[in-house]
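Quick mapping for you: the protein sequence lines, in order, are chains A and B. Its first residue numbered 1, the first sequence is counted upward by one per residue in the working numbering. Its first residue numbered 309, the second sequence is counted upward by one per residue in the working numbering.
Take these hints with a grain of salt, some might be off.
Claimed, not checked - Straight-line Cα separation of at most 25 Å, SDA-like style, residue types lysine to any residue; simulated pairs:
| id | chain 1 | residue 1 | chain 2 | residue 2 |
| --- | --- | --- | --- | --- |
| 1 | B | Lys430 | A | Ser194 |
| 2 | B | Lys437 | A | Glu198 |
| 3 | B | Lys430 | A | Glu215 |
| 4 | B | Lys370 | B | Arg342 |
| 5 | B | Lys430 | B | Val500 |
| 6 | B | Lys635 | A | Ser221 |
| 7 | B | Lys437 | A | Val174 |
| 8 | B | Lys370 | B | Asp591 |
| 9 | B | Lys457 | A | Leu299 |
| 10 | B | Lys370 | A | Arg302 |
| 11 | B | Lys370 | B | Ser358 |
| 12 | B | Lys370 | B | Arg385 |
| 13 | B | Lys430 | A | Pro31 |
| 14 | B | Lys457 | A | Val303 |
| 15 | B | Lys370 | A | Arg225 |
| 16 | B | Lys370 | A | Glu198 |
| 17 | B | Lys370 | B | Lys437 |
| 18 | B | Lys430 | A | Ser133 |
| 19 | B | Lys370 | A | Thr217 |
| 20 | B | Lys437 | A | Leu214 |
| 21 | B | Lys370 | A | Gln100 |
| 22 | B | Lys457 | A | Leu197 |
| 23 | B | Lys430 | A | Thr217 |
| 24 | B | Lys635 | B | Ser606 |
| 25 | B | Lys370 | A | Asp129 |
| 26 | B | Lys457 | B | Glu445 |
| 27 | B | Lys437 | B | His464 |
| 28 | B | Lys457 | B | Leu444 |
| 29 | B | Lys370 | A | Val303 |
| 30 | B | Lys430 | A | Leu122 |
| 31 | B | Lys457 | A | Val119 |
| 32 | B | Lys437 | A | Arg225 |
| 33 | B | Lys430 | A | Ser221 |
| 34 | B | Lys437 | A | Ser216 |
| 35 | B | Lys370 | A | Ala2 |
| 36 | B | Lys370 | A | Leu197 |
| 37 | B | Lys430 | B | Pro391 |
Claimed, not checked - Interface residues of chain A toward chain B, partial, derived using beta-carbon atoms under 7 Å:
| id | residue |
| --- | --- |
| 38 | Ala43 |
| 39 | Gly203 |
| 40 | Tyr204 |
No lab work stands behind these hints, which were simulated from the structure alone. Where a beta carbon is used, it is the ideal one built from N, C-alpha and C, also for glycine.
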Amino acid sequence: MAAYVLRRLFFSVFVLWGAVTIIFVVLRLVPGDPAYIMLGPDADQAQVAALRAQLGLDHSLIQQYATYLSNVVRLDFGQSFRLNADSMSLVLQRVPATVQLASTALLVSLLIGLPLGVVAALRANTWIDRGISVFSLLGQSTPSFWLGIVMILLFARGLQVLPSSGSGSWAHLVLPTITLALPFLAILVRLTRSGLLEVVHEGYVQTARAKGLLESTVILSHALRNALIPIVTVVGLQFGALLGGTVIVETVFAWPGVGRLLIDSIGRRDYGVVQASILLVATIFVGINLLVDLIYGFLDPRVRLAGD
Amino acid sequence: MTSEPLLSVRDLRVEFSTSAGVVTAVDGASFDVRRGETVALLGESGSGKSVTAQAMLGIIPKPAGRVTGGSIEYDGRDLLALPATATRELRGREIAMVFQDPLSSLNPVFRVGAQIGEMFRKHRGASRKEARAEALELMRRVGIPAAEKRLDDYPHQFSGGMRQRVMIAMALALSPRLLIADEPTTALDVTVQAQIMDLLARLQDEEGMSLVLITHDLGVVADVADRVVLMYAGRVVEAGPIREVYEHSAHPYTAGLMGSLPAIDGPRERLTPIQGAPPDLLDLPSGCSFRPRCAFASERCADEEPVLLGAPGRPAPHSSACHHAGKVLTDAP
Ligand SMILES: Nc1ncnc2c1ncn2[C@@H]1O[C@H](COP(=O)(O)OP(=O)(O)OP(=O)(O)O)[C@@H](O)[C@H]1O
Ligand SMILES: [Mg+2]
C-alpha cells in the first residue's frame, strides 16, 4: 500500500504539470491583453508597452513558460496584476469559504443521497422508487446557474426568508449549498440504488438472511458495505464536478470563494491568480482522488491486501 | 428419536414471476425430516431443490418468488403461517443453511471471525470478545488449522475447502436442530469433497441434529443419508430409505439414475444416465412431467398426474409417484 501511494504521488506531479501547462496556454490563446485591460481604453501605446515589459509579457511565450514553470516549482506564482499582492496568498485567503461550501454540499449530498438511494432500491419499481428517480433525474439535469437564480427569486426576492448573496451566517450558506449539492446528490441516489440492486442477489446477502439477521442489518451492513465499493470511485470523480460547480455557484451567490476569485481574475486576465487558483484546485482534486483510492482499499480487503 | 417428524413439508408450491411467465419451481412437494436423520434431496438441476430449501428457511427471493400453497410444519408450528419476525428468529438458531459456493456465500468485506461471531452477537447479545472466543472455538471444531491466526483473515484468503468449513462453523454456531446443506461440496475439489462430507457427518452425529443434504450426485449421499427424496420438475417422485430406493427403485426416473434401467437403444453413456432433455418448467407436458423421457409412458401418464403413493409390495416408508411403479419394480434386475 505504501509503495502504491508513493507511485500515485509521483504520477500526481505529472497531472499537476499538465494542469498548469494547459491553463498557461489557454490563458494566452484567449484574446485580451492584461496590460490593455489594466490601463483601460485611454492608455497610449507607450504606456501599454511599458507595462507589458514590467509584467514580463514582452518575452517570447517559450521564455515566459520557462520562467513561469521554474517559479511554480519554487511555489512562487508571482504578483497579482490587479491587486498588487502575492497571487497564491490571494487564493489561499479564499480557500476557507470554498471549503466550507463544498464540504457542506458534500455532507448534505451524502446524508440525503445515500438514504434516498437505499429506499429507492428497497422499493424498486414502486411509485416511491419512481418518485425518487424523477427527482434525481431532474436534479442531475438542472443547470446550476438556472437553479441558483430560481432559488434567489423564490426564497430571497419572493418569500424573503433567506439572503440572496454574500456570506457570514448559516442562512447565507443554505441556497448555495442546495444549488451545489443537488446534481451531486442526484448522482449519488442513482448510484446507490443501482449498486444496492446489484448486490442484493449476491450469495452473501442470502447468507445474511439465512443467519436470521434483521433485514436492516442485512441491507445496511452486509449489502450496502459491498455496494459502496464501486460507488466510492465515482463519487471521487464526481467531486471534481462539484468543485467545478463552485465556480458557478459562487458567482451566482456572490460567495467569496476561490471560484469567484477565479472568474474575476479571468475577466481581468490576472494570469498569476488564475494560474494559482487552477493549480490549487487541481491539487485538491488529485488529493481527493488519492484519498478515494485509500477509502477504496479500506472498503475492499481484496484490494488492500493484494500487495501483501 | 421420536416418531413425530421434526419437519414436515406438505404440498409445497413456490412460484416465480419471470419475464417469460410464471414458473412453478416447486409443485406440490411433500416429505418429512425426522429428528437426527439425514435426508438426501436429490434431483437434476432446476428440479426445485434449492427453492425448497429457501422455502424451509423463509428466504425465497422477493418479490419475484412466493409460496403459493402448502405447509411447512417445524416442531409442530407451520412456518408459512408464522409472522416474519418469528421465522427470522428461527433462522440460524433452529434451522441453519450451508450454501453451494462458499466464496460467494461469505461476505468479502468482513473478517471470517466477525462473520461467525455475528451469530452470537446478534442472536445472543454477546460482546465482541465473547463472540470472538466462540468463533475461535467453532473454527477449531470444524478443523481450520491455526484458527487463532485465521480469525482476522478475509474469505478470499482461504482455500475453497477452508471457506466451506467457515460456512459450516457459522451454520453450527447456535447448535441448530436442522441443518440444510445445499450442494456443499459441488464447488470444491474432489479430494476436499470427501473431507467436507466427513466433517458434516461427524458434526451431525455430535450434535444429533437433522441434516437435509441437497445434491445431484448419488455417490455423495450413498454413505451418509438415511433416506432419500427425489425431485423432478418441482415434484417429489420417489422417497424412502436409501438402501430400499437404491435396490428397489419404484420410479423410472430413479431407476434411470441408479443405472438399473435396461438400455433402450444402444450402449448407455455413463455420464448421462437419463435420455432426453430436462423439462422446461414453462412448458411442462400434461400428466406426468417425466413422460417424454420415460420408457414406461402410457396414455394414462398423459391424462392423469401420478400422486405419491406407497410403492406396491414394498415396506411402508417407500413411496413413488408413478402409474407404473409395480412394473418398474419388477423390471429391475
Ligand atoms: N430467483 C429466481 N427467479 C426466478 N426463477 C427462479 C429463481 N430461483 C429459482 N427459479 C426457478 O426455479 C427452478 C428451480 O430452481 P432451483 O434453484 O430450486 O433448482 P435446483 O434443483 O436447486 O437446481 P441446481 O441443481 O441447479 O441447484 C429453476 O429452474 C428456475 O426456473
Ligand atoms: Mg440448487
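- Straight-line alpha-carbon gap B/Lys457 to A/Leu197, limit 25 Å: violated, 35 Å
- Task: Below or equal to 25 Å on CA atoms is what counts here, so check B/Lys437 against A/Ser216.
- Result: holds, 24 Å
- Measuring from the C-beta of A/Ala43 to each C-beta in chain B, is the shortest one below 7 Å? Not OK, violated: A/Ala43 not within 7 Å of chain B, min 65 Å.
- Hinted pair B/Lys370 and B/Ser358, Cα distance within 25 Å: Status holds; Cα separation ~15 Å.
- Query: Holds or violated: are the alpha carbons of B/Lys370 and A/Thr217 at most 25 Å from each other?
  - Reply: Satisfied, since the Cα-Cα distance of roughly 17 Å is no more than 25 Å.
- Restraint check, 7 Å cut-off on beta carbons, for A/Tyr204 near chain B: holds, 4 Å
- When you check the alpha-carbon spacing of B/Lys457 and B/Glu445, does it fall within 25 Å? Holds. B/Lys457 to B/Glu445 sits at ~13 Å (cutoff 25 Å).
- Is it true that the CA of B/Lys635 sits at most 25 Å from the CA of A/Ser221? Violated. B/Lys635 to A/Ser221 sits at ~56 Å, over the 25 Å cutoff.
- Item | Pair hint outcome, B/Lys430 versus A/Ser133 [Cα-Cα no greater than 25 Å] | violated, 34 Å
- Item | Given pair status - A/Asp129, B/Lys370, alpha carbons within 25 Å | Holds, at roughly 16 Å.
- Pairwise hint evaluation, A/Gln100 against B/Lys370, where the allowed Cα distance is 25 Å at most: violated, 43 Å
- Taking 25 Å as the top limit, are the C-alpha atoms of B/Lys457 and B/Leu444 close enough? Distance ~9 Å between B/Lys457 and B/Leu444 Cα, so the pair holds.
Comparing the model with each earlier hint shows violations of hints 1, 2, 4, 5, 6, 7, 10, 13, 17, 18, 21, 22, 29, 31, 35 and 38; every other hint is respected.
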